[in-house]
Amino acid sequence: MPQKSYIEAIRDGIREEMRRDERVMILGEDVGAKGGVFGVTEGLQKEFGEWRVLDSPLAESLIVGVAIGAAMNGLRPIAEIQFQDFIMPAVDQIISEAAKIRYRSNGDWNVPMVLRSPFGGGVHGALYHSQSIEAIFAHIPGLRVVVPSNPYDAKGMIVAALRDPDPVLYFEHKRCYRAIKGEVPDGEYTVPLDRARVVREGQDIAIFSYGMMVHASLEAGDRLAADGFSCEVVDLRSLRPIDRTAIVASASKCGKVLIVQEANLAVSVASEVAAIIAEDCFDSLDAPVMRLGGPEIPAMPFSPPLEQFYLVTPDKVEAKLRELAAY
Amino acid sequence: MPQKSYIEAIRDGIREEMRRDERVMILGEDVGAKGGVFGVTEGLQKEFGEWRVLDSPLAESLIVGVAIGAAMNGLRPIAEIQFQDFIMPAVDQIISEAAKIRYRSNGDWNVPMVLRSPFGGGVHGALYHSQSIEAIFAHIPGLRVVVPSNPYDAKGMIVAALRDPDPVLYFEHKRCYRAIKGEVPDGEYTVPLDRARVVREGQDIAIFSYGMMVHASLEAGDRLAADGFSCEVVDLRSLRPIDRTAIVASASKCGKVLIVQEANLAVSVASEVAAIIAEDCFDSLDAPVMRLGGPEIPAMPFSPPLEQFYLVTPDKVEAKLRELAAY
Amino acid sequence: MAMTRTETKARAGLDAETLRLMYRHMLRSRLLDERLWVLNRQGRAPFWISAEGHEAVQVAFGMNLKPKYDWVAPYYRDLALTLVLGMTPKDHILSVLQRAADPNSGGRQMPAHYGCRRLNIITTGSPVGTQLLHATGIALASRMRGEDAVTLTSIGEGGTSEGDFHEAMNFAAIHKLAVIFLVENNGFAISVPWQKQMPTEDVADRAKGYGIPGVIVDGCDAIACYRTAREAVKRARRGDGPTLVEAKVLRLTSHSSDDDQRRYRTAADLEADKERDSLHRFKATLEELGVLHQGDAEEMRSELVLELDRATEEAEVSPFPSADTAMLHVYSETGD
Amino acid sequence: MAMTRTETKARAGLDAETLRLMYRHMLRSRLLDERLWVLNRQGRAPFWISAEGHEAVQVAFGMNLKPKYDWVAPYYRDLALTLVLGMTPKDHILSVLQRAADPNSGGRQMPAHYGCRRLNIITTGSPVGTQLLHATGIALASRMRGEDAVTLTSIGEGGTSEGDFHEAMNFAAIHKLAVIFLVENNGFAISVPWQKQMPTEDVADRAKGYGIPGVIVDGCDAIACYRTAREAVKRARRGDGPTLVEAKVLRLTSHSSDDDQRRYRTAADLEADKERDSLHRFKATLEELGVLHQGDAEEMRSELVLELDRATEEAEVSPFPSADTAMLHVYSETGD
Ligand SMILES: Cc1ncc(C[n+]2csc(CCOP(=O)(O)OP(=O)(O)O)c2C)c(N)n1
Ligand SMILES: Cc1ncc(C[n+]2csc(CCOP(=O)(O)OP(=O)(O)O)c2C)c(N)n1
Ligand SMILES: [Mg+2]
Ligand SMILES: [Mg+2]
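Residue numbers (the numbering used here), protein chains in the order written: chain A, 21 to 347; chain B, 21 to 347; chain C, 3 to 338; chain D, 3 to 338.
Rather than coming from a laboratory, the hints here were simulated on the basis of the structure. Honestly, I wouldn't trust all of these hints.
Subject to a maximum C-alpha distance of 25 angstroms in a straight line, what follows is the list of computed BS3-like cross-link-like pairs (lysine-lysine) [unchecked claim]:
1) B:Lys66 <-> C:Lys198
2) B:Lys66 <-> D:Lys178
3) C:Lys178 <-> D:Lys198
4) D:Lys178 <-> C:Lys210
Here are some chain D residues the structure puts well away from chain C; computed CB gaps all over 10 angstroms [unchecked claim]:
5) Arg13
6) Pro48
7) Ile176
8) Thr255
9) Glu305
10) Asp311
Cβ-to-Cβ under 8 angstroms is the rule here; a few derived chain C residues that face chain A [what the hints assert, rightly or not]:
11) Ser107
12) Gly127
13) Thr138
14) Met146
15) Gly148
16) Glu169
17) Leu330
18) Asp338
For glycine and all other residues, C-beta sits at the position ideal for the given N, C-alpha and C.
Work out the full structure, taking the sequences as your base and the hints as a guide.
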């Protein structure tokens, strides 16, 4: 099977689906000639033309609002938000509109729209090009929120998202784009939008994470393996709906739990995972649930010492794992 | 001490602070001649004039963005958002700007702004006049998020909020406005913006809640008291920063925990409270943590059977308490 | 019978049938509206928000669209518009009575949150302004498929203060999309008068900034409304792009059943509005033109009241949604 | 020395000192800008986003404001503006080198995210457009205190597509606030040309919709910029309300150090822009007018380069922020 990078896998998925389904189109800032600021849509305007790969004005509420309308009138739009940090002006359209249209119309209307956006830090992006703001959407019924961690899932999930009849927020960790490579089948396949995946099986500690943090968790887990501790690494993949069954299964099996994310912790996805475990794994826990995430500061700073302070690294994961192992 | 309703207490706090401090002004839809759709600002325009109680155009980003600017230039604005449901167009100004201005300027600038907004359901407000959307702000470092549950706190916290040098989101449960009365001292006092309060002491089950749900919890607790179970009722009051010490103290003391809120549960304040307990109370828990909240549907429907289905009532709290008691 | 010059001018090339129908639509909406207020005052409907005073321009647009082919993204005052497009009084009575059979939302939303897929009326929520972008997206989709469908979207003048207004106008104009932005300017956003909402008297002034026509029409003049609607729809249909239409209308009632406009408007002002009511003026004009004869209007009225009585009766025995449906339609139940 | 008519016209009543200062400000910004690009290419500065081609209008406004009294809500291209107001080359070198002493943000934000409380330059983040509302709020506060301070805010033409643009213009115009909206129109939002951003060529067209003046100025004509700035500031100061000023400027560099504009612009287009560069044109004009003499410009340049060398050296030995400061300034550390 061909080796592909994460970014190529996303692009392949989009391109193939655009060839198969002419209702699929892309609307966003700089998605055309420039191919997006990261290059995800590179070459697509050339192949599909200016309408199907449409450069929008600099207006995020527009991008999402127009995509919602287009979706209600038969298209399958991809709304690209250049950075997750800039999703904020579109929050009304996402939360008040996209998430509620099926429900409020009693099933009469629906919004088959995909919103793609890169998130995460560690790229000298500073306060407004490094954020991980998925929690606020993971709270909202009516949305699907997914984060692939590897090229296989990236392609399978973008295709699944484009075929899903409801709004899907598809978040890409920007450090994965070129750093993460893996096998990606040619041609059509989908990956479910509501299921976590056990990336590595283990017995002693269950690690729950998503996006780039899956790789930090794997690396830290490897280091503990050398000392005889086996970590089960679970890639949540879907943050809404979250795969409760998978969480409970791995947590119960291991008895010790670490949840790892790059976002700050308060009222976050990690909070929800911890809460699920507190509710459902009372009898099987051998240690307190632990969470590791970004610090409670407004966003990731620019200067290297400060950025490094923020980042959740394999070292930090390892330290937490050792704390848990010793409990 | 005079008995006041929750809504009078808020108005009193604002009025007194406006008399003491001429930097305080109000900007929002219908806050002037109409006195707001619930009447919170009734009479204030008459007393303080059209500039200090300023009817804004129908534009929430404007209300908050202008308040931010005014706050940076020496005013102490209250930005009123008519319903919490309509805060969404202002989310960029709140999360990207207000929350980050002190941090991003390395302490050079700050935003002493108060954002007031009513939330919650049970008033036939349907999908867009019943929401409880506080979780998305409770996630954001740099914001303070508070919810008073009674007239005493309502007045003390609005005054404290107006004197705080950072942005405070002050959310009012609209069912409290006229239903909840209590003693309110005349004159000046403040209530801290970062401390929970034990409303009723108990031994067996700790109930954590806020806003109108404090009253549902008290009522349900009373019913259990008749059967010899004593519930400790903790009013969180501040959702960000959250009072971790108070949460751990009551949870550890009781060993059984119920968290009650009106918002849906996934990735919410209840998740965070459960996570804190899962982290810090491992050795003292006698039962799984339980959460009770709104169902995972996009918002509260209109028709009475559906609205009733959504609402978190004393009966539902009682049922959960009995489950916990029996554990 | 040969028409005089005034008659011709007043009719503006509209035949008697069209004029009569227009009046009937306006009357039907008004009577339904009044009925819904009665249900509200009787305590059977917790909420109503009225179209009284807005009917003429809504009917004008409704009559110039092709229902089911063209698209509509309305706002909560568009009762008359939805009726012209094919919704029924019963539909809306079901809605105010919060019944499961309410086609707008199955009793989930407040009344006047219109939506009907069968008629290409998209579902509307409460947040003001978002529909303008939906309409623009709908028009984009039509354009990409090469269809000549027209999309009409409406909003109050208050709603034009929202950022989405600007973003939608801008995008629709850039791509010359077949969308009509209808601003129903009644001078108030709840209690806030237009002077505190906008710096100029006319929303239509903003059209210049987008290089599109901005047309002002007297919303109390039914015939002028019809002409304006016809022209805007034609323009959109032939691919010449958007029009911003501003209709100066009256809000004859309080903002909603939760409001009391006597708190912020003078009695004289309210009285003056009643005088200008388009329904009465239009009736007078049609009688003058000989389009309505002695007794015609009264006959229409009894017929429409009958329809309303029947609709009310039927709606009242229609069941409430059952609680166990509350969890439905969060996501697709079938996967597609 | 008596001036000819052309000279008088060209100078527009500006004395030689003002003109020389204007040129010096422009040159200083340009030289700093070039230095920052060098630091970027040397790998010592991870990011730079340039003001090259935008200087004239920024300098013009900067010179017409009262620093520390008037207020400025800038955007990321406003390097020249911040220098005129009193920030220094060293301030910005500290910023691109991410040092603790960076007065904009202590190394927390990307470079070109300006802010300086001492100078009434408010802190700016990355989200495009939000600053227009902050400026409006600042002007509201000045107005409520009865001060005649002027607030200047700026944005690219791309940013005018955001809803906040409309909301700010509307509110400022309703209340005749002393705010100037400066649009630096360089024809591109990163790679998106103006034709895909707006339906008319001029952002200034939108002023009509708010009943305020919309002034277009050639951003390559320094003297015209000065005149325009002077007029807009006067108007604001005397309480006549906002002005929308659109300066047609050039983006002489790629959008930022992360971009390569050759991917979406032709070589001929880039070449033509270089020809129009205001810095060279202005120098020629001033020499023609006898304001700059043989060798003046070169002398200025060496002096400014010296300043830059010294600033760079000093900045380079300035420490990085230490990790333990990362948790500071989330909330007030002192409670007030
Ligand atoms: C985003 C948003 N903000 C506030 C409201 C509350 N609200 C409902 S209608 C209304 C006034 C609307 O006035 P206008 O647009 O002029 O329409 P009209 O009711 O006069 O027809 C307001 C403030 C809302 N529904 N949505
Ligand atoms: C809300 C938001 N969306 C997107 C971006 C990414 N972005 C930064 S600058 C820019 C283009 C701005 O173009 P323009 O306003 O014309 O200013 P110019 O850079 O040309 O001076 C974009 C899309 C952003 N910073 N903020
Ligand atoms: Mg109105
Ligand atoms: Mg530009």
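Could you check the structure against the hints above and give me the numbers of any it violates, in ascending order? 7, 15
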